[in-house]
Amino acid sequence: AQSVTQPDIHITVSEGASLELRCNYSYGATPYLFWYVQSPGQGLQLLLKYFSGDTLVQGIKGFEAEFKRSQSSFNLRKPSVHWSDAAEYFCAVGAGERNDMRFGAGTRLTVKP
Amino acid sequence: NAGVTQTPKFQVLKTGQSMTLQCAQDMNHNSMYWYRQDPGMGLRLIYYSASEGTTDKGEVPNGYNVSRLNKREFSLRLESAAPSQTSVYFCASSRLVDTQYFGPGTRLTVL
Numbered sequence: 001a002q003s004v005t006q007p008d009i010h011i012t013v014s015e016g017a018s019l020e021l022r023c024n025y026s027y028g029a030t031p032y033l034f035w036y037v038q039s040p041g042q043g044l045q046l047l048l049k050y051f052s053g054d055t056l057v058q059g060i061k062g063f064e065a066e067f068k069r070s071q072s073s074f075n076l077r078k079p080s081v082h083w084s085d086a087a088e089y090f091c092a093v094g095a096g097e098r099n100d101m102r103f104g105a106g107t108r109l110t111v112k113p
Numbered sequence: 001n002a003g004v005t006q007t008p009k010f011q012v013l014k015t016g017q018s019m020t021l022q023c024a025q026d027m028n029h030n031s032m033y034w035y036r037q038d039p040g041m042g043l044r045l046i047y048y049s050a051s052e053g054t055t056d057k058g059e060v061p062n063g064y065n066v067s068r069l070n071k072r073e074f075s076l077r078l079e080s081a082a083p084s085q086t087s088v089y090f091c092a093s094s095r096l097v098d099t100q101y102f103g104p105g106t107r108l109t110v111l
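Sequence order for the protein chains is A and B.
Position 67 of the first sequence, counting from 1, maps to 67 under this note's numbering, and the rest follow consecutively.
Position 63 of the second sequence, counting from 1, maps to 63 under this note's numbering, and the rest follow consecutively.
No false leads were mixed into what you were given.
List of simulated lysine-lysine pairs, DSSO-like, C-alpha gap at most 27 Å:
1) B/K57 with A/K49
2) B/K71 with B/K57
3) B/K57 with B/K14
4) A/K49 with A/K68
5) A/K61 with A/K49
6) A/K49 with B/K71
I should point out that these hints are in silico values taken from the structure, not numbers from a laboratory.
Excised from the complex, chain B in its bound form:
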C-alpha cells in the first residue's frame, strides 16, 4: 500500500509559469484535500473534493484550480505562479468524516 503519493517532490518555477501538482491515493477514500504549509501558519486548506466530479473551495483558493480526475487522483494547478505561492503543498485523503492521511509533500519555490 503506497497510501498517498505526490509528484513532483520539488519544483522551482519562474513567476508566471504554470504547473500541475499530482496526487493519488490507493485507500479507496472518497474525500481528498489540498493544503499549503507556510512557516508559523500550520496547514491551510486550498481545495477539497468529496467525491469524483465535485470540488469545493477551502480557506485559501485564490490562484489555484483543481481537478478530481477519478476516485484515486486529485490534481492542483497553478495557472500563473506568483512568489506568494512558494510553499510546501500537501495532499490528503480520508473517508467521509475520519482521519486524513497525508502525502509526503511537494516543495515549490516561485522565483
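If we strip away everything but chain A, and leave its shape as in the complex, we get:
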C-alpha cells in the first residue's frame, strides 16, 4: 500500500517569508497527490492536486506544489506567507480504483507577525 511522510511536524515562519512544506510518498505506480489544509476545528479543504501532466501545479490561496518522481516528493510552496495561512497541512496520496487515500501525519504551520 502507498504511504506518505511529512518530515516536519511543526514549522514557524515570519509573515511575508517564503514557505516550503515537505512531502515524500511511497507508491509503485504514478500516484494521485493532494495537499489539504485544515484550520482549527474545521474540516479539510483541498489546496491543490496532481494527477498527471505538468509537474508544477497551482492551487488556491497562492500555493503551488511540484511533483518530482525521481525524489518521490510533492513539496508545497508559497512565496510569501500571510498570517491567515496558519493551519495544519496534510499531504495525501491516492491510488487504485477505490481512490484509497493515505494521509501524512500533517505539518502545523505557525506564522509570526
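Use these hints to put chain B onto chain A, whose structure you have.
Positioned in the frame of chain A, the structure of chain B alone reads:
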C-alpha cells in the same frame, strides 16, 4: 450546495454505549468514506463505500460498522464505544477517482 454534512458535531459517550454518526452529501458522488483523525497520525480510513449497497474495510475498521443507506447517506456506527475510539471523525465523498470532499467533522469523546 451544502457539500458534505455530518451530525452531530460533538458527542460524549460512556464506555459501552452505542451511537451512530450520520453523513450526507449533495454532490451526487458515488464514493463515500469515513476517517478518523488522531493527533500525530493524520487521517486513517475506517470504511469506504463505492456505491449504494457496497462497503469495504479500510485501515482501521475494528469496532465500527457502516451503512450506505442510499447514494447520499453513509452512516458510521459504534456498537460498544471504547476510550480508544475517542477521536475526530470525518466523512468524505468523491467521484470514482478524484478529489475527496470532507465534512466538518464530529468530535467524539468516550469516557
